[in-house]
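Chemist: Chains as they are written, first to last, in the working numbering: chain A, 1 to 333; chain B, 1001 to 1335; chain C, 2001 to 2332.
FYI, nobody ran anything at the bench for these hints, they're computed from the structure. Backbone N, C-alpha and C fix where the C-beta goes; we use that ideal spot for every residue, glycine too. It cannot be assumed that every hint is accurate.
Said to hold, decoys possible - Listed below are several chain A residues computed to face chain C (Cβ distance under 10 Å; list not exhaustive):
#1 GLY121
#2 GLU292
#3 LYS329
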Amino acid sequence: MSVNPLLMGHPLSSPEHARHALLYMWRIRKFEEAVEDLFGRGMMHGTMHLSIGQEASPTGMCMALTLQDQITSTHRGHGHCIAKGADLTRMIAELLGKKIGYCGGRGGSMHIADVETGNLGANGVVGGGIPIAAGAALASKMMKRGTVAVSFFGDGAMNEGAFHEAANLAAIWNLPMILFCENNKYGMSSSTEKAFAIDNLADRGKGYGIPGVNVDGNDVVAVYEVAQAAVDRAKAGNGPTLIIAETYRWKGHSRSDKNLYRTKEEIEEWRTKDPIPKFIARVIEEGILTQEQCDAIQNEAIEAIKAAVNEAVKAESAEPSGLLDAVFKAVSA
Amino acid sequence: MSMTMETGELINFHVAVGDQVKSGDVLFEVMTDKIDMEVEAPADGVIEALVANPGDVVEIGKPVLIMLTETEVMAFDFGSDNEPVAAVEVVAVPAPVAPVIAEAPVVAAPVILNETVKAVPKARVEAANRGIDLRTVRATGPDRTITMQDVNGAQLDPAIAKRQAANKALIAKGIEMTRGIAQASFTRSVNANFDHAQFIAAWAKVLRNRPDLAAHQHVGVALIIESKYGSALPVFRDPDQSSIADLTALVAATTDAAKNGKVPIAMLSGATTTVFDLTSYSMSSATPLLFPNQVTSVTIGYESATTKIVSLTIDLNFCDFYDGALLLDALVASL
Amino acid sequence: MSDRMLTMAEAVREAMSIAFDERPEVFLLGEDVGIYGGAFGVSGDMYHRYGAERVLDTPIAELGIVGAAVGAALSGMRPIVEIQFSDFTAQAMDQIANQAAKIHFMLGGALHVPMVLRTPQGSGTGAAAQHSQNLEPWFASVPGLKVVVPSNPADAKGLLLAAIDDPNPVIFLEHKLLYKIPGRDPVPEGSTRIPLGVSKVVREGKDLTIVATGIMVNKSWEVAEKLAAEGISITLIDPRTISPLDMNPVFESVEKTGRLLVVQEGPAQAGFINEVIAQLAGSSSFGSLIAPIKRLAGMNIPIPYAPQLEKAAVPQLDDIEAAAREIVNNWR
Chain A
1 MSVNPLLMGH PLSSPEHARH ALLYMWRIRK FEEAVEDLFG RGMMHGTMHL SIGQEASPTG
61 MCMALTLQDQ ITSTHRGHGH CIAKGADLTR MIAELLGKKI GYCGGRGGSM HIADVETGNL
121 GANGVVGGGI PIAAGAALAS KMMKRGTVAV SFFGDGAMNE GAFHEAANLA AIWNLPMILF
181 CENNKYGMSS STEKAFAIDN LADRGKGYGI PGVNVDGNDV VAVYEVAQAA VDRAKAGNGP
241 TLIIAETYRW KGHSRSDKNL YRTKEEIEEW RTKDPIPKFI ARVIEEGILT QEQCDAIQNE
301 AIEAIKAAVN EAVKAESAEP SGLLDAVFKA VSA
Chain B
1001 MSMTMETGEL INFHVAVGDQ VKSGDVLFEV MTDKIDMEVE APADGVIEAL VANPGDVVEI
1061 GKPVLIMLTE TEVMAFDFGS DNEPVAAVEV VAVPAPVAPV IAEAPVVAAP VILNETVKAV
1121 PKARVEAANR GIDLRTVRAT GPDRTITMQD VNGAQLDPAI AKRQAANKAL IAKGIEMTRG
1181 IAQASFTRSV NANFDHAQFI AAWAKVLRNR PDLAAHQHVG VALIIESKYG SALPVFRDPD
1241 QSSIADLTAL VAATTDAAKN GKVPIAMLSG ATTTVFDLTS YSMSSATPLL FPNQVTSVTI
1301 GYESATTKIV SLTIDLNFCD FYDGALLLDA LVASL
Chain C
2001 MSDRMLTMAE AVREAMSIAF DERPEVFLLG EDVGIYGGAF GVSGDMYHRY GAERVLDTPI
2061 AELGIVGAAV GAALSGMRPI VEIQFSDFTA QAMDQIANQA AKIHFMLGGA LHVPMVLRTP
2121 QGSGTGAAAQ HSQNLEPWFA SVPGLKVVVP SNPADAKGLL LAAIDDPNPV IFLEHKLLYK
2181 IPGRDPVPEG STRIPLGVSK VVREGKDLTI VATGIMVNKS WEVAEKLAAE GISITLIDPR
2241 TISPLDMNPV FESVEKTGRL LVVQEGPAQA GFINEVIAQL AGSSSFGSLI APIKRLAGMN
2301 IPIPYAPQLE KAAVPQLDDI EAAAREIVNN WR
């Protein structure tokens, strides 16, 4: 890559770091809003799982990661991909079914991967990426690379067998892995109150013998601090950590969600806990950035998304020829 | 002979209405540009009517005499169109009688028509190729399925078998007729790809450039097409003068028709030369046979995927060695 | 017995050892593959020779371990994951069919999964319904998986080495009954491969074409030997790789013999061997058939326990012999 899109370090440690954190949260927010708009215009096929309101979690986590550190993501993975440095044009292009899309139009929203930024792929199966991240961590350990693997998943995945098996493997093999749960309180429509018999999801870590940590998922600074600690643990050879980041999604599970399972009041209440104004208030208060600088960063994000959309819309559509050849990687002679 | 003419003068009749004639009996004489020709009965039968008068100049293809034949007239009688026939197309066969099964088919055993036929795939292919109606084949396989053994032992459709036999006889006769003619043959290899239309157009052009070797104003190329009904020889008149697209379409349509046992009457006469493509038999060459009253005859043989063998036979009475060689060279060069 | 008449287990172990020596990124993981030496003794002494770093014992967690294999494969390793009974691949199906098989395609070629999943299949050991299945069609029906079914030790060695080399996920189905016996041929020495996707004409004949998979290849061979003495000559074709399937030798052979018998162990309904029939029936070779296509396959039942019931559930030598005779004699 010509320019490393990532910046590691504490969001409050310098104006550059604060800028990076804010810019990336805005990029995610504006990207999701753009997707919602394009989808509403009928330009995008299928469905979309938007993460508006959850921007702080991936942003904070990824500021503790290098390009080589790996992530696996979920069906609600645009934020993870962007926070890990994905190219916005190629992401939109994929959602529009274009050749230059990350998957050449063959994967869509739920399967975006970016090898250059260590992104092993979003996943359409709940819990599908968790054992894969464990395997990536295993490979890192066997090859002595010194990298960590982060598996992003939601509260819904914690009841899948895959979570349990992967967490256990990570624990017994002492893998350099972070199990990062974005607990937005709902699977699709099933709330955590109904899906779990325990109140504190982090307690599950005890069941595997790994530390379970709670954090306010809408506080990018807090998320970073917890994330960095987990990364340090893993890179020191001390094994995996389970992070439960409490957050909330403003939009329904997918486009076909009528929000019948939650109340307007609940949604309104969480909107007041919007991670972006929260961080802006903090950096201004601490004198790290000015209001003008924050506004400029928002505009920068808006322009970046607009540019990406304009470029992607003009790109060539994917074609059916070559589909059969795309199933297998060619065997070299 | 009559294939090279457009008109002939009727000299006289040798028969009268009501006469019983045998196949080969002379019916009448026609004057052609070269000689006086005797036209023979193509089959046993009785004379029904005389429809021209001695001294008339008759167009080729138009009836001069009508006779009722006891048996079907062979080789060039395609489909239910019972119009002029063979090399003697001036003779017509009565229209109302369907020629194909003019009489009870000669079959050794009683024919059992089995409407729902079950047959192994290869048996179906074989039956289709040999013109066997599977409904007439006795099934000895499990579940009353026709096996290969059943088809191999089956009788050919008698009507088609008759046609094929008579066709063979006609060709044998043709060979007899040309045996006495002084002739010479030449062969060349050609590395080229061409289809029938391109070939006959090229050959016609070569012939047109040698009017001294032609007996007629036009060039008519007869193309031999094999089908389960026997050989058909549709004639393509002046093929070098149509567009290659039109000619290609005409050759395709005529080939299809011939394979189904039908050739348009207009295409049954006017041949000045004959072309025989042996490549579907994977034969590399065979000395072309001179057809009656034609000066040249050509075969196309298969040597390899890229090489064909073209052979030419000439009638030395009308064309000498030197000219023959030139003709073939010109043809090969133009392909 | 010459020392190259290895059993299937020995041949597979030899292939894995050669791969381990050639490529440091190859490793083995599975239940009881380490100290125990594998439930069927396949990994044997590899734990002692290569250590716990390369021969990983896992807890009973098929979904987790196959998923870990996928993740490791995405990250530059070449895992061989052993699932103790092919029946248990059901636990891991998300990682096999939804992840491994689809990653290369749905990610637009950005990543690939160079992973081999080895597992014993088949009936005859009295292990009953949940430990005896032949699941060839489960895997063969998923685009993105390569599926290999070796019928003998010599093939197993060469095919496994090719499978490990392959950058795609390969399901390698070994038959339990073949583990402890040698094949008809000696196992080649050294690091030799048999390419995937190439069918083998095991013997040539002119009266009948038999296409069989796995253990049915060997049964069919015995029948062919017996019938040869009576003047019935049989062509026997072993696809070896069932997906992608090489049908060319089948087309060629049926055009010569005109008769086709297909034999598989798994249940007839929607079994893999139907693919051979479907392709033949839709091909131009169909016109060469002088007999209906005959299929011998397992009964459409779960495998029963008692030995006489277990035998009745899948084609045996007598069944194959009777079918061959029937086709050749009744269809001439």
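Chemist: Confirm or reject each hint.
Modeler: Each hint, compared with the structure:
1. GLY121: 6 Å, holds
2. GLU292: Because about 40 Å separates A/GLU292 from the closest Cβ in chain C, which is outside the 10 Å limit, the hint is violated.
3. LYS329: Given a least distance of 4 Å, the restraint on A/LYS329 holds.
Violation of the numbered hints given earlier is confined to hint 2; every other hint is satisfied by the structure.
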